[in-house]
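Asker: These protein sequence lines are chains A, B, C and D, in that order. First residue of the first sequence: 1, per this note's numbering; consecutive thereafter. First residue of the second sequence: 328, per this note's numbering; consecutive thereafter. First residue of the third sequence: 621, per this note's numbering; consecutive thereafter. First residue of the fourth sequence: 855, per this note's numbering; consecutive thereafter.
Careful, some of the hints might be misleading.
Stated by the list, open to error - To give a feel for the contact side, a few chain C residues facing chain D, derived at Cβ under 8 angstroms: (1) Y631; (2) K633; (3) A634; (4) M635; (5) D638; (6) S641; (7) S655; (8) P709; (9) G783; (10) Q812; (11) A814; (12) K815; (13) K848.
Said to hold, decoys possible - Keeping only pairs whose Cα atoms sit at most 25 angstroms apart, straight-line, the calculated SDA-like set for lysine to any residue is: (14) D:K925 - A:K289; (15) A:K289 - B:R450; (16) D:K919 - A:R282.
Keep in mind that the hints were calculated from the coordinates and are not lab data. All residues carry an ideal CB built from backbone N, CA and C; glycine is no exception.
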Amino acid sequence: MSQDKYNKLWKALGIAVLFAIPLVISDRYFLHLMVMAGIFVMLTSSWNLLTGYAGQINLGHAAFYGIGAYTSALLVMKVGISPWIGLFMGGFVSAFFGLLLGIPSIRLSGPYLAITTIGFAEILRLVAMNWVELTRGSLGLYGIPPLTAIKLSPGFSIEFTSERNFYYVLLIAIFLTLFCFKRLVQSEFGITLKSMRDDEPGAESIGVDTTRYKLAVFTISAFFAGFAGALFAHYQRLVSPDTLSLGETFTILTMTMLGGLGTLAGPVVGAILLTFLSEGLRFVEDMVKLNVRMVIYGFLLIITILFMREGVVGLFSHYRRSGDTGQ
Amino acid sequence: MESLFVQQVVNGIIIGSIYSLIAIGLTMIFGVMKICNFAHGDYSMVGAYAAVFVMAWLPGWFGWIGSIVAAAAAVGILGVITERLVFRPLLTRRTDIDIIMVSIGLFIVLENLSQLVFGATPRMLQDPFGSATVNLGLFSTSILRLFCLAFSCIAMGFLHLFLNRTQTGIAIRATSQNRNAALLMGIDISHVYTLTFALGAGIAGIAGVLYGTLFAVFPTMGALPTLKAFVVTILGGMGNLRGAVFGGFILGVAETLGGSYISMQYKNSIGFVIIILVLLIRPNGLFGRREGT
Amino acid sequence: MLSIENIKVSYGKAMAIDGVSLKVEEGELVTLLGSNGAGKSTLLKTISGILKPHTGTIRFDDQDLHTMPPHQIVRLGIIQVPEGREVFPELSVLENLKMGAFTRKDSGVGKDLDFVFELFPRLKERRRQWAGTLSGGEAQMLAIARGILSAPKLFMLDEPSLGLAPVIRNDIFKVIRQIHQERGITILLVEQNAKLALGMSSRGYILENGKVGLEGKGADLINNEYVKKAYLGY
Amino acid sequence: MDILRTDKLSKWFGGLCAVKEVSFSLVKGEIMGLIGPNGAGKTTLINLISGVFPPTNGNILYQGKNITRLKTHSLNKMGIARTFQIVRIFKTLTVIENVLTAMVNRKTYGPWSLAWGSLFKRSGAFTDNKDACVKAEELLDFVGIGEYRDELAENMPYAFSKRLEIARALATRPEVLLLDEPSSGLNPKEQNDQVEIIKKINQQGTTIMIIEHVMKVIMEISHRLIVLHYGEKIAEGEPEKVYSDPKVIEAYLGGDADA
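Chain A extracted, bound-state conformation (with noise of 0.2 angstroms):
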């Protein structure tokens, strides 16, 4: 009982101190960072629902972030709901063509399943260079109309356009994604899917509908990443097909397998730990004048899978309760 509080007083200070961030930090490149890991974690941890958990090799995953930003962004610009409503319709949209993307997936498994979700992600990127009359093409949607603001009195309204702001607008939505991945993860549904994932065959034998399983849990991956990127496209204001290219999603995967595939926390690690690790070798390339921050992810991504499978979380499993994180 001690250990539960101890852990319980740990969180909330730690909540705590990212409600006070902002408040104590103002420099705005830093916020901006933290919103660029948070949505990252978004991102990263919805992946890992489907491929950590579920084993459902899904290299198209920047796809659904794209839809989302797309969809979003449209609907707002062109249809003109709140951007507040856009961020849902971004995850709807996105859920859908995640069930469509599951169709496939039901008779399909490793490199068949990669490169048919590259495909996807591929076509979709095609479709949102060359729609021009609806995406303006390779110059992306700009102009994207931020959050709106939040009227409280007449005289007083909360705007969104400083990163300060949507710091806490992200937040808020990363709190409430990864409490919902935590609730899914060590639910029923949770440990079905890892079932699925150690041995098809024998989950079937207890009674899992692996294709229902999987049709489910490419849709609601594919909803959270559709959220992120509907957050992204209203924080950024501006979404170009690069959103949904092989290069996206290569750099949503390297950072869950640094932190560490299939456990909780391991994409939140990996993607702040990279965001910032880009950002401080980019002081190193600006030194030595050379581009050498993609070469060392590609490195990581080797050295992690060859010498550190579990990734960074791994190294400290020991401080894991076994069941927590599923591995």
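Go by the hints and put chains B, C and D onto chain A.
Answerer: Showing chains B, C and D alone in chain A's frame:
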């Protein structure tokens, strides 16, 4: 209309032959080692850079032949190095996800390292025919393109001879069909792995020279051929060499026809549409052999 | 020729052989019997070096086999025809046979090829055909022919009659007897068909639960009640 | 009373007939052994009954319902559970989690209701659910591996992972349990333990069909036997009777050369 059609089919066959050449190595490596290498197209990129240097040093025909040899050798060695350092340690605990991720890591490293070393500016490889074209009535094309077609067919022909006529070649095919039985024949599997990677990567290197000659040489040029090679490989069934050759031509022709009759912009997605349709109907590819149960 | 001392082997975590010792002398035909799961195939795989024992030794003439990789063991002339034939389905019959001779550098390959074609005329007819298109019996013939082309000193056959119709099974056994008698090849035969196998063996071992339950002369074992027990569990 | 019945069940793989017109019935409460030489089609028969693939011809009836083309997961929900020849436990889950995941009520709840429901659950992780854990522990104790509760399944000794698979199958509360070689790869002592477990399961009312090669095991526990040879049923009946059947002896020991 008629001549445009023929013209596009010919163009498709030419580019398709290069796709086949890249895919053949990919599918061979998959067949023997069950490794699905996302960095395969980067072997072509490295091969193309090898050609850039050789051609700068040796002009004309000698340069061309020299660069083919240099590309095959350099990339073959690179293939062996990557096999030993990156893939071999994973073979004992193979899971699809680890192998796919590690090859993606390799892809990122090779692509960006070459950007560091060679710079991002695209380079051209010289045309030993001085851009001469030939008109054959129904279609016209540059001699260079015909030469590339001929050359990749010759390369595939040699590979075919090697795999069918030599003891070592048959051993490679045998290993890919039944690893256990191959062990019992006294085939040194580890040796076969190394050889397969050297061969598969070397051919990709040669394909890179051809690809670079037709288009341009730049650090990220490997990404598209990788994806194309995967499409081809899946069309043909992973591990199936004949399938890869047919798949390459099918994709090449489908792309050029689709590009001219449907939409130029979506040309690069045609292959993906095809494989998604194919996989929906046949989860192991058009010519795929059933996986053991 | 082959002597195995107290080896223990497991498949992953499943124990398969729990202390087996046996000997095969030059020129013998030794049969290894036992019900399914008794460890017969595992034993052959271990001799071939595909599996490694935790403890115990395997010696062939003066060589230690248990530390040797499979391809070197084949070079010593220890040839296995695996259970379920395991031919290369997309190699032609002829290519399959060539793979049998993979390790050989001597000039006798052509002669041996003639020999196996004489032995199995049907293989000659189908030499250009993919091995995957052969019937079960033909595939078994190919597997044995492939083994003969490896120039075996010790020839190990794992259930060569498995799943074959009686007529074809008898042909296969005739050939095994023939190569044993005419070519003087030492044979270690794993077989379910106890009567048939023991009838032509000099000695036999009964494996039970990963251990040698009984050994003796072939003729003695045929009528032994213990053999029935090992199979049927009386 | 028949709980499960097959009617001229056949399965062809390409040109090969693995199971040929096999008809048999499983009487409620019995242990039926399925034996036959290597390659006789035993596992194929179990795979047909458990819905891994559909038969080429013939029907399977379970409690009067035609279940011929149902998939494994549906059959499990109807009360048919199975184990595998090569264990298929969930390696990265702990021992108790392996059993817990089999206890999820999948008859009532599909993936969506489980996922949605989990978001509003206040009781915390499913693996900490007291009631479920107590039941899972009972099952683990029942097969004698209670002390390994929190061990990762992949670290289990082989004999115990086979028992874990049985416990997992029991957690789905089956009426019929299909066991595919439950004691292969075990030493004699472990085999005896396995026999005891299977008997206990049967005593609690579960009907069992078992493939086994270790004759001592099959003799000791089976009420009736079916013998397959080249995919065909060649004998059926009480063990003693089956064993003295010349056809069975011939299938096992082989006929004479001119057979």
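Asker: Hint compliance check: list the failing hint numbers for this structure, sorted ascending.
Answerer: 6, 8, 14 and 16
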